[in-house]
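Protein chains in written order, with full-length UniProt numbering: chain L, 1 to 268; chain A, 1 to 268; chain B, 1 to 268; chain W, 1 to 268; chain Y, 1 to 268; chain V, 1 to 268; chain E, 1 to 268.
The set of hints was computed from the structure by calculation and includes no laboratory data.
Each statement offered as a hint is correct.
Ranges between beta-carbon positions, derived for each pair:
| # | chain 1 | residue 1 | chain 2 | residue 2 | range |
| --- | --- | --- | --- | --- | --- |
| 1 | B | S196 | W | V189 | 53 to 63 Å |
| 2 | Y | L127 | A | G137 | 20 to 30 Å |
| 3 | B | K120 | V | A240 | 46 to 56 Å |
| 4 | E | G154 | L | S219 | 56 to 66 Å |
| 5 | Y | L127 | L | E41 | 36 to 46 Å |
| 6 | B | Y135 | L | S107 | 32 to 42 Å |
| 7 | L | Q102 | E | Y136 | 28 to 38 Å |
| 8 | V | H252 | E | Y135 | 54 to 64 Å |
| 9 | L | S107 | A | Q102 | 17 to 27 Å |
| 10 | B | S250 | W | P253 | 54 to 64 Å |
| 11 | L | N188 | Y | D111 | 49 to 59 Å |
| 12 | Y | D111 | L | S219 | 33 to 43 Å |
According to the in silico footprint, chain V covers these stretches of chain E (three or more CB under 8 Å from chain V):
| # | region |
| --- | --- |
| 13 | 26-40 |
| 14 | 94-104 |
Where a beta carbon is used, it is the ideal one built from N, C-alpha and C, also for glycine.
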Amino acid sequence: MFRNQYDSDVTVWSPQGRLHQVEYAVEAMKQGSATVGIKSETHAVIVALKVDDFFFSITLFFQRAQNELSSHQKKIYEIDTHSGVSIAGLLSDGRILARFLQTECSSWRWDYKQPVPIKKLAESMQLKLQANTQYYGRRPFGVGILIAGYDKDGAHIIQTDPSAEVVSMHGTSIGARSQSARTYLERNVDKFEKSSPEELIVHALLALRDTLPAEENLSAQNTSIGIVGKDSPFNLLDDAQVAVHLNQVSTHPRTTAGAQGGAEPMQM
Amino acid sequence: MFRNQYDSDVTVWSPQGRLHQVEYAVEAMKQGSATVGIKSETHAVIVALKVDDFFFSITLFFQRAQNELSSHQKKIYEIDTHSGVSIAGLLSDGRILARFLQTECSSWRWDYKQPVPIKKLAESMQLKLQANTQYYGRRPFGVGILIAGYDKDGAHIIQTDPSAEVVSMHGTSIGARSQSARTYLERNVDKFEKSSPEELIVHALLALRDTLPAEENLSAQNTSIGIVGKDSPFNLLDDAQVAVHLNQVSTHPRTTAGAQGGAEPMQM
Amino acid sequence: MFRNQYDSDVTVWSPQGRLHQVEYAVEAMKQGSATVGIKSETHAVIVALKVDDFFFSITLFFQRAQNELSSHQKKIYEIDTHSGVSIAGLLSDGRILARFLQTECSSWRWDYKQPVPIKKLAESMQLKLQANTQYYGRRPFGVGILIAGYDKDGAHIIQTDPSAEVVSMHGTSIGARSQSARTYLERNVDKFEKSSPEELIVHALLALRDTLPAEENLSAQNTSIGIVGKDSPFNLLDDAQVAVHLNQVSTHPRTTAGAQGGAEPMQM
Amino acid sequence: MFRNQYDSDVTVWSPQGRLHQVEYAVEAMKQGSATVGIKSETHAVIVALKVDDFFFSITLFFQRAQNELSSHQKKIYEIDTHSGVSIAGLLSDGRILARFLQTECSSWRWDYKQPVPIKKLAESMQLKLQANTQYYGRRPFGVGILIAGYDKDGAHIIQTDPSAEVVSMHGTSIGARSQSARTYLERNVDKFEKSSPEELIVHALLALRDTLPAEENLSAQNTSIGIVGKDSPFNLLDDAQVAVHLNQVSTHPRTTAGAQGGAEPMQM
Amino acid sequence: MFRNQYDSDVTVWSPQGRLHQVEYAVEAMKQGSATVGIKSETHAVIVALKVDDFFFSITLFFQRAQNELSSHQKKIYEIDTHSGVSIAGLLSDGRILARFLQTECSSWRWDYKQPVPIKKLAESMQLKLQANTQYYGRRPFGVGILIAGYDKDGAHIIQTDPSAEVVSMHGTSIGARSQSARTYLERNVDKFEKSSPEELIVHALLALRDTLPAEENLSAQNTSIGIVGKDSPFNLLDDAQVAVHLNQVSTHPRTTAGAQGGAEPMQM
Amino acid sequence: MFRNQYDSDVTVWSPQGRLHQVEYAVEAMKQGSATVGIKSETHAVIVALKVDDFFFSITLFFQRAQNELSSHQKKIYEIDTHSGVSIAGLLSDGRILARFLQTECSSWRWDYKQPVPIKKLAESMQLKLQANTQYYGRRPFGVGILIAGYDKDGAHIIQTDPSAEVVSMHGTSIGARSQSARTYLERNVDKFEKSSPEELIVHALLALRDTLPAEENLSAQNTSIGIVGKDSPFNLLDDAQVAVHLNQVSTHPRTTAGAQGGAEPMQM
Amino acid sequence: MFRNQYDSDVTVWSPQGRLHQVEYAVEAMKQGSATVGIKSETHAVIVALKVDDFFFSITLFFQRAQNELSSHQKKIYEIDTHSGVSIAGLLSDGRILARFLQTECSSWRWDYKQPVPIKKLAESMQLKLQANTQYYGRRPFGVGILIAGYDKDGAHIIQTDPSAEVVSMHGTSIGARSQSARTYLERNVDKFEKSSPEELIVHALLALRDTLPAEENLSAQNTSIGIVGKDSPFNLLDDAQVAVHLNQVSTHPRTTAGAQGGAEPMQM
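Construct the entire structure; sequences and hints are all you get.
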């Protein structure tokens, strides 16, 4: 990516009508470990790799030890009983936004005695993200977020990015090498709407597996699964439950030549 | 466009009396997918391409998947029962402005128990846009908006741009390759005033089709249509209704050699 | 105009005791389409070209279509029953200032139950304009304004510019090629005081015509006329009325070799 | 004047202990048309050239027309019944300061039911001017002001400049080519104290005449005269009164070889 | 580490999607003397080297004298009866954060009459740290902190760093040459859960010893030990208690060839 | 004095631990005309040259005329009945500080019904001056001030400078060529304590005279004398009184070869 | 010390994890005249050189005269009856901090009717100092301070520096050439605890003497002594008392070859 004079301040347009700081924040999102979200008529599923390879590049010396020494590195958060989020990019930014959404949910509950409609949640998110792309003294959030939710309008997967794009999706993936996951999703998009919750989880895991290099694999240690749907509140599965679903996934041979797209792991 | 020293801050004039940051924001508008608005004596119509090719250039990796995976990418928003907007440029900026207009409408309803006159809405918009061209710490909005409305003064198409120009039009088009659409509009402007709503939609779609490269075409998937008029509140047509109108359009042979004007798709 | 290091901030003096940002804003005013104001003992007239050639240079692609597609591009605004303004330069700045004057007028009416004296209006304007030449974080307004008014002290033509100069004039012209108009005014200044309203309008139009290139002419489409005077509230003439006055103008042969002075149309 | 790195911000000292921005603002004052103030035991007189040659250099195209087309260009303002000011430099700055002094006067009258002592007025002015030489985000005022006043301590001529120097004078002149006027004043300073009001005006006009190039002369059109004194409130003479005094002046042959000192008219 | 243009302001993203100022603050953390934290089912232990080799590099001239002249240089602070922290990096930043945590604890006690859950404490810390990575006018904290705590959910070791990463760990080490300590921890992680408090302290000290150069050793003078657990409030051991534990450590031969990882002591 | 990169902002330290902006402000003080202060057991005297040669360099064109045309240029101000100040440097800064001290005095009188102790006055001054050396957006005051006062602790001469040094002195001199005055003071310091008020004034004038070039001399026109002491409120002597003391001074032959030290008059 | 691009703003980290502005402020501390503090079981003593050689370098022309002309230049301040401070570095910064501590003491007395614990005083100081190392718009304090105090926990010597390090010491010295003093302190540290107040003062003076060049010596004029302890409030000794202690010191031959460490006197 070429360098220029219009990329040092978020409030400045380049002569080509671009906001470079926003684009650079997107780079941070692309380097987070991948996450996948898909929905059926009745359920929404988000799955994520727990290994966060973004700040590993900053705090290099944690890299090897962490899987064994850390209790758990959360990539999926419950927001309310009817929604949860997964994060790709700068984790500390992601947590700030997750907490923002939690506050929005509890404010709505306080005011209206019911869960916030997912559409309203998406609108609040869009306002929050956009302000950091326009006003001086703040940087754009360096994180993409998938919101899985279920309300009276059905299941939702909402995708946000640092440019304040907030889009409703049938299925999507963001983060490192997520193009491979999206390729899987496009090929199978027609099957999602009528999938059972269990089938939906397997689809999501198969897409997520495609983001891994050939020599790595999903495991209960590096995989998080969250699901929400009709009559079932948001549930972040425990390791045993994750293992059950991974068993099913392992029966599907891995055919892709290797993960594509997204960003390569960052070099110091 | 040549580079200079007066383009890094919105509050600075160049020696030629220009505001470069405003001009660069106009570039962002020119790269949004095209939208067209026209009006008759009794109705106002806005049509838009759903594919937003601006931020695709930022979030490249979404580009191929989106049409199939996303539920819908809105380019047209209802503002009130008597008005709607279409957007060309930075979508997240456009949504902020759409929400601003929605708030203006509901404030007016609260105060006066009736819909806001479109002229008042245009004035509020002008104030909002101008402030971001004059004061430090904010960038101009990188988006153009067409407001379609109907009130006691009849039908309205209002065009706004990042320079805070807010103009009432018989017909207009903004966004990528919109010059081709405007050429169509100029040739047919005399027919609009007495057109039926259906004829008006066809005119708008024919103009919009002229913004597409020769190898692409309008479809229910990539086309949005909004209409408002006498005794008919603002209506964002569903896919089936869009398809009906596109059928009519397809009976008109496409004669232009190719789309002209506007900005070429941005190169990374 | 040579470049230097003292022109990037409105709050900075150059070693020669100049405020370059103010001078650059004056350039924006010079590139607006021309407007003329003159007064007799009993009336004040402002006339203006509707084509705004300043932002056309920014939003090039509107240029050809606008005259036919736009409903009307206002260059003259009523401020109160006893006053109106015409604008040369950055139209969105001009509208902000017109609205500011409207607010001043209605505040005065609220407080004193009578129209604001034009002199008080001019003082408010001077304060508003000067602040943007002295304090950090705002740019000077890029627009010149002519105020036509009538109060107990008689008729008034007030001229303002980006440097916060606010001067009472017998007659004046600002905007592109306005020197030609001022030449006409100087030659005929002695006739204004006793002119009838109709004669005053013809003088103003003749001066305005002199700002046009030889191959262009005034028309009901491109000309706005506002008049205010003793016992006649401010009136922005409609196209038919404008046509009547233009007929009279056309009986005066055009003798000037071509428009002079002001700024040449800006090159991109 | 040489260029350096310490002149771009008013709050920065140069290594030589100078405030360059203040010095540059003084340049603006030097380029304003000249004004002269002198006092006797009982009266204070200020005279000024109406032609403002500073912003003429900015708004060049007004230059020729103005004398004939403009009603009047004020250089002298009444502040209260016992005081008035004349201005040299950036007129819009001068008017802001004149209005500031008017407000100070009316505040004092409100609080104490009597005119403000001139000494208090000078102190307020000093505070106002100094702040703009010390704090960030404002530029120094680009104007010099002469205050003529009469109170229980007698007649006063107060001179202010952009550096916040506020000095009581027997006689003084500021503005373009004012050195010639000061030379006259120094030669005749002993005569002022006992002069009659009429004699005082003639002295002031003779000093002012010395600031003009040999080929120009004072006229009722380009000369303003203000006087205040014992038992006579501040009076800005009308053209007829000015003409009477100029007649007396014309009986004094002009002997100086040409105006000296101050700044040459600025070159674009 | 290479230099670039995106590292002078915390609010700016580099084209690679990195926040250089955050990375540089991590360098400050890496240069602090090492600290180690581990937990069993019932207890959490933090140990630290008292010698702070970071600001010694700033205030060089203190270096030799300090161990003998200073009473004690605290590296471990009690936060509440159920928690304590150890610090690696810029000590004055660390103390500010320790005091922040103390205030959080007492606020919670005031509101709820019980100790704050460690998880809530970690969330407050994350918010506090993240804000300094995103908003203008503050730098990121240059310190890493280990929180040892015990509450109804058991024992906790929380690790924070300047990027606002806040992670729950079984065992960890931060600061100069901490890679050697983490290597020890990884090899022995399985033994921690069932360790007695005494065994836990010995593990922590053995890991800490591995961060020392071969020619240095732990002593009661340079070693701090803090422990908290079930039915035992946070206790910062005195020198005699430290000596007892060090005796046990000395029975374990030192086998590592030398400390690895982390930062080398900074060169002036 | 050499140039470097650490002198453009008061809040920045140089690598050598210096504040260049403070040092440059000291330069302004050194270029003010000299002032001298000394005290006996019972009295404190300040004398000053009225010619301010600092801003003369800015407003060059006033230089010759001022002595004859200006009423008086104050360099010494009464602060309260028991104290006064003299100023060297930027006069407008000095007057701001003099007014600040006057306000401090009257606040104290209001609160305690007695004059403020000189020590308290000095502390207020120190706080005021220091803030402008540490916080962004203001420049240090470019002036040195001598405070002469008498209170229950006896007579005081307090010296302040732009670095916020506030020191109690037996005798001192600041301003242009003040080294010569200090040389005189050092030679005679033993005589001050028991001097009569008249002798004290003569000592001060002899020291002041030593700051003048050989060809200049003290006169009632260019010399100010202020004195305060036991049972005698602060008194700024009138011209006749000054002349009496100067007569005494003229009986002392001038022996110094020429003034030394301080700054040479600044070159444009 | 090498120059780089990360030292112009206190809020910026260098790539090596350093805060250059803090380090430069430490340089200012190193150039202040030396001060020494030591404590026994029952008493704390601070001694200091009155000659402040830091701002002498700024205000060079005071240098020679000051010792004879100034009444006294305080380097030691009483803070409360149980504590006092000595200062090394920028004196005006030091006085601001001394006043801050005095306010802290009186606030505590007001709230709790007893003297503030020295530990609390140190914590307040740490907060105050740290803020100026982290937030934009202020520079770090350029001063080191020794606090001598006595409370229910015994005698205290607290050392602070610009990096906000606040450490409790048995004995210490800061300022120019203070390494020589610390060398003395280290050699004799074992004797302090049981010393009588008189012995403690002699130790402190011997350490202070070692900071002087061989050709200079301590005298009642250049030496300040403060002491506080059990049943004896803080006492700043008068010249006679100082002389008595210096007599004792003179019986100890001076053996050091010359002062070491700290900064050399700064070169202009």
